[in-house]
Amino acid sequence: MKRPAYVTDERLRHFISEAIKEDVADGDHSTLASVPANMIRRAHLIIKDNCILAGIDLAQEIFHYYDRDLQIEVLKKDGEAVKKGDIAFIVSGSARSILTMERFVLNCMQRMSGIATYAHDTAKLVEGTKTKILDTRKTTPNFRMCEKWAVYIGGAQNHRFGLYDMIMLKDNHNDYAGGITASVTSTVKYLKEKGKQMLIDVETRNLDEVKEALATQAVDIIMLDNMSLAEMKDAVELIGGAAKTEASGGITKEGVQAIAAAGVDYISSGAIIYAAPVKDMSLKAF
Numbered sequence: 044m045k046r047p048a049y050v051t052d053e054r055l056r057h058f059i060s061e062a063i064k065e066d067v068a069d070g071d072h073s074t075l076a077s078v079p080a081n082m083i084r085r086a087h088l089i090i091k092d093n094c095i096l097a098g099i100d101l102a103q104e105i106f107h108y109y110d111r112d113l114q115i116e117v118l119k120k121d122g123e124a125v126k127k128g129d130i131a132f133i134v135s136g137s138a139r140s141i142l143t144m145e146r147f148v149l150n151c152m153q154r155m156s157g158i159a160t161y162a163h164d165t166a167k168l169v170e171g172t173k174t175k176i177l178d179t180r181k182t183t184p185n186f187r188m189c190e191k192w193a194v195y196i197g198g199a200q201n202h203r204f205g206l207y208d209m210i211m212l213k214d215n216h217n218d219y220a221g222g223i224t225a226s227v228t229s230t231v232k233y234l235k236e237k238g239k240q241m242l243i244d245v246e247t248r249n250l251d252e253v254k255e256a257l258a259t260q261a262v263d264i265i266m267l268d269n270m271s272l273a274e275m276k277d278a279v280e281l282i283g284g285a286a287k288t289e290a291s292g293g294i295t296k297e298g299v300q301a302i303a304a305a306g307v308d309y310i311s312s313g314a315i316i317y318a319a320p321v322k323d324m325s326l327k328a329f
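Take 44 as the starting number for the sequence shown in the working numbering and just add one per residue.
Mixed in with the good hints there might be a few duds.
As the list claims (entries may be wrong) - Between beta-carbon pairs, the in silico distance windows are:
#, residue 1, residue 2, range
1, Leu250, Ala225, 16 to 22 Å
2, Asn249, Asp66, 23 to 29 Å
3, Ala225, Glu61, 38 to 44 Å
4, Asp263, Ala225, 16 to 22 Å
Said to hold, decoys possible - As a list, the in silico SDA-like pairs of lysine to any residue whose alpha-carbon atoms are at most 25 Å apart:
#, residue 1, residue 2
5, Lys175, Lys235
6, Lys235, Leu250
7, Lys173, Leu75
8, Lys45, Phe186
9, Lys127, Asp110
10, Lys235, Ala261
11, Lys235, Gly205
12, Lys239, Asn249
13, Lys239, Thr228
14, Lys45, Gln153
15, Lys64, Lys45
16, Lys175, Ala273
These are computed hints drawn from the structure, not numbers from a lab. We treat Cβ as the ideally placed atom computed from N, Cα and C, and that holds for glycine.
When you get a sec, could you build the whole thing from the sequences and use the hints?
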């Protein structure tokens with residue numbers, strides 16, 4: 044599966060190197076004390092929960108970053124539906140290297156596969172509608188790349204990656220600025236001065252704020268935050284395609300079908316990341 048654009052070599056190296064520093068520090072002394080330096084062995088990754096698999100590509104990067112001589116035979120791919128008992132890959136080489144990277148690889152793959160599964164299941168619920176499921180920035184610091192990558196693997200879509208790649212004027216921005224009109228006007232001026240072209244997404248809490256956002260004629264996406272289904276339907280009709288619509292606030296998997304029926308373009312849900320349960324896996328010597 045093709046990697047999303049934000050999964051760069053630089054980000055991967057930084058993430059992996061910092062995680063190894065955190066876990067290994069001056070040495071995996073359990074392994075160094077008990078396993079001969081020249082021992083060559085194999086281990087396979089056993090799936091213990093049905094899930095959408097995510098993290099195979101990352102696992103290879105982790106193993107090869109730590110030890111270029113490790114060999115990985117990939118049996119299941121990212122995005123593939125796997126079931127309990129399946130073998131995802133076989134890693135061969137230095138027993139010490141396999142043991143030292145074991146938990147790092149498992150931590151990533153278990154978390155990513157949980158997110159990919161939750162994202163996949165949520166996106167399936169709105170199939171056949173125009174609505175797309177988006178993630179949010181409600182991510183784990185320093186693990187965002189992997190969490191958003193898992194959403195992508197699961198078949199949902201990524202919202203902005205960070206604060207730098209899109210304008211999102213939330214309620215606090217608008218309140219501090221003196222209202223939606225002032226906030227958007229200032230933003231348009233800022234973007235022109237900086238020579239930047241960025242989408243503008245504005246949060247609204249009621250139909251009056253929707254009208255105010257529309258009146259600026261500068262908003263690309265109007266976020267309908269914590270609105271009732273009836274309010275969303277009215278907002279979608281009011282907007283009439285003049286901007287994209289995004290339902291947000293308290294979104295769970297159980298509610299997305301009804302929200303999609305209201306006609307919104309996007310449903311942004313932090314829950315597809317933070318509420319996703321991990322999927323159990325083991326790396327076992329054989």
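Now the hints, each set against the structure:
The supplied range of 16 to 22 Å is met by Leu250 and Ala225, whose beta-carbon atoms lie about 19 Å from each other. Range check, Asn249 to Asp66: Cβ separation about 48 Å, and the 23 to 29 Å hint is violated. The hint said 38 to 44 Å for the Cβ distance between Ala225 and Glu61, and at roughly 40 Å that hint holds. Separated by about 18 Å at the C-beta atoms, Asp263 and Ala225 satisfy the suggested range of 16 to 22 Å.
Distance restraint check for Lys175 and Lys235: the Cα-Cα separation of roughly 30 Å exceeds the 25 Å cut-off, and the hinted pair is therefore not satisfied. With a C-alpha separation of about 29 Å, the suggested pairing of Lys235 with Leu250 is violated against the 25 Å cut-off. With a C-alpha separation of about 55 Å, the suggested pairing of Lys173 with Leu75 is violated against the 25 Å cut-off. For the proposed pair Lys45 and Phe186, the alpha carbon gap of about 20 Å is at most 25 Å, so the pair holds.
Only pairs whose Cα atoms come within 25 Å are accepted, and Lys127 paired with Asp110 is rejected, the gap being roughly 29 Å. Annotation: proposed proximity of Lys235 to Ala261 holds, straight-line Cα distance about 12 Å (limit 25 Å). With a C-alpha separation of about 21 Å, the suggested pair Lys235 and Gly205 falls inside the 25 Å cut-off, and the hint holds. For the hint pairing Lys239 with Asn249, the CA-to-CA distance comes to about 30 Å; that exceeds 25 Å, so the pair is violated.
Restraint check for Lys239 and Thr228: the C-alpha separation of about 15 Å stays at or below 25 Å, so the hint holds. Taking the CA atoms of Lys45 and Gln153, the gap is near 20 Å; set against the 25 Å cutoff, the hint holds. Of the supplied pair hints, the one linking Lys64 and Lys45 is violated, its CA atoms being roughly 28 Å apart against a limit of 25 Å. Between Lys175 and Ala273 the alpha-carbon distance is near 20 Å, which keeps this suggested pair within the 25 Å criterion.
Against the hints set out earlier in the document, violations occur for numbers 2, 5, 6, 7, 9, 12, 15.
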